[in-house]
Amino acid sequence: MIQNWCFNWTDLDFLKKCLDKDPDERWSCEQLLQHSYFENFHFKMPEVEMEEFEKLKKYRDRSRVCTIAQ
Numbered sequence: 001m002i003q004n005w006c007f008n009w010t011d012l013d014f015l016k017k018c019l020d021k022d023p024d025e026r027w028s029c030e031q032l033l034q035h036s037y038f039e040n041f042h043f044k045m046p047e048v049e050m051e052e053f054e055k056l057k058k059y060r061d062r063s064r065v066c067t068i069a070q
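In terms of our numbering, the sequence shown is residues 1 to 70.
Just to be clear, a hint being listed does not mean it is correct.
As the list claims (entries may be wrong) - Each pair of labels, with its calculated beta carbon distance range:
#1 36 x 62: 38 to 44 Å
#2 63 x 17: 34 to 40 Å
#3 27 x 6: 21 to 27 Å
#4 52 x 30: 26 to 32 Å
#5 23 x 44: 29 to 35 Å
#6 26 x 55: 36 to 42 Å
#7 59 x 26: 33 to 39 Å
#8 7 x 34: 19 to 25 Å
#9 49 x 16: 31 to 37 Å
#10 6 x 57: 38 to 44 Å
#11 48 x 27: 31 to 37 Å
#12 7 x 28: 20 to 26 Å
Said to hold, decoys possible - Mimicking DSS-like on lysine-lysine, the simulated pairs with C-alpha atoms at most 27 Å apart in a straight line are:
#13 58 x 44
#14 55 x 44
#15 44 x 57
Hint data in this document are derived by calculation from the structure and do not stem from the laboratory.
Values in this document were obtained by computation on a predicted structure and should not be read as measured data.
Virtual Cβ for every residue (Gly too), placed ideally from N, Cα, C.
Assemble the whole structure, with the sequences as input and the hints as a guide.
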């Protein structure tokens, strides 16, 4: 028996919607991202990763221009 176990109803509801056995009742990714579980969630990418991400975006954009120009 687990003692002093506590949970948050929002967390539990989110998990229930993620793991529902019935595919028709299970929420989609889009629906889950709108769940109140994420209401106060703020993602911040570490600075080093952000710099690499920006470099990749610039490279991708340059590659698209080169492909279109050919």
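Okay, the hints, checked on the actual structure:
In this structure, residue 36 and residue 62 meet the distance hint of 38 to 44 Å, their C-beta atoms being roughly 41 Å apart. Checking the proposed 34 to 40 Å range against residue 63 and residue 17 shows it holds: the Cβ atoms sit about 39 Å from each other. Restraint check, residue 27 to residue 6: a C-beta distance of roughly 24 Å satisfies the suggested window 21 to 27 Å. The hint said 26 to 32 Å for the Cβ distance between residue 52 and residue 30, and at roughly 27 Å that hint holds.
A hinted range of 29 to 35 Å holds for the C-beta pair residue 23 and residue 44, which are about 34 Å apart. Evaluation of the 36 to 42 Å hint for residue 26 and residue 55 yields a pass: the beta carbon distance comes to about 38 Å. For the pair residue 59 and residue 26, the supplied restraint of 33 to 39 Å holds, since their beta-carbon distance comes to about 37 Å. Roughly 21 Å separates the CB atoms of residue 7 and residue 34, a value that falls within the hinted 19 to 25 Å.
Range check, residue 49 to residue 16: Cβ separation about 32 Å, and the 31 to 37 Å hint holds. As the Cβ distance of residue 6 to residue 57 is approximately 43 Å, the hint placing it in 38 to 44 Å holds. Hint check: residue 48 to residue 27, Cβ distance near 34 Å, so the stated range 31 to 37 Å holds. The hinted window of 20 to 26 Å between residue 7 and residue 28 holds, with their beta carbons roughly 24 Å apart.
For the hint linking residue 58 to residue 44, the alpha-carbon distance of about 20 Å falls within 27 Å, and the restraint holds. Restraint check for residue 55 and residue 44: the C-alpha separation of about 17 Å stays at or below 27 Å, so the hint holds. At roughly 18 Å between alpha-carbon atoms, residue 44 and residue 57 fall within 27 Å of each other, so this suggested pair holds.
Going through the hint list in order, the structure satisfies each hint without exception.
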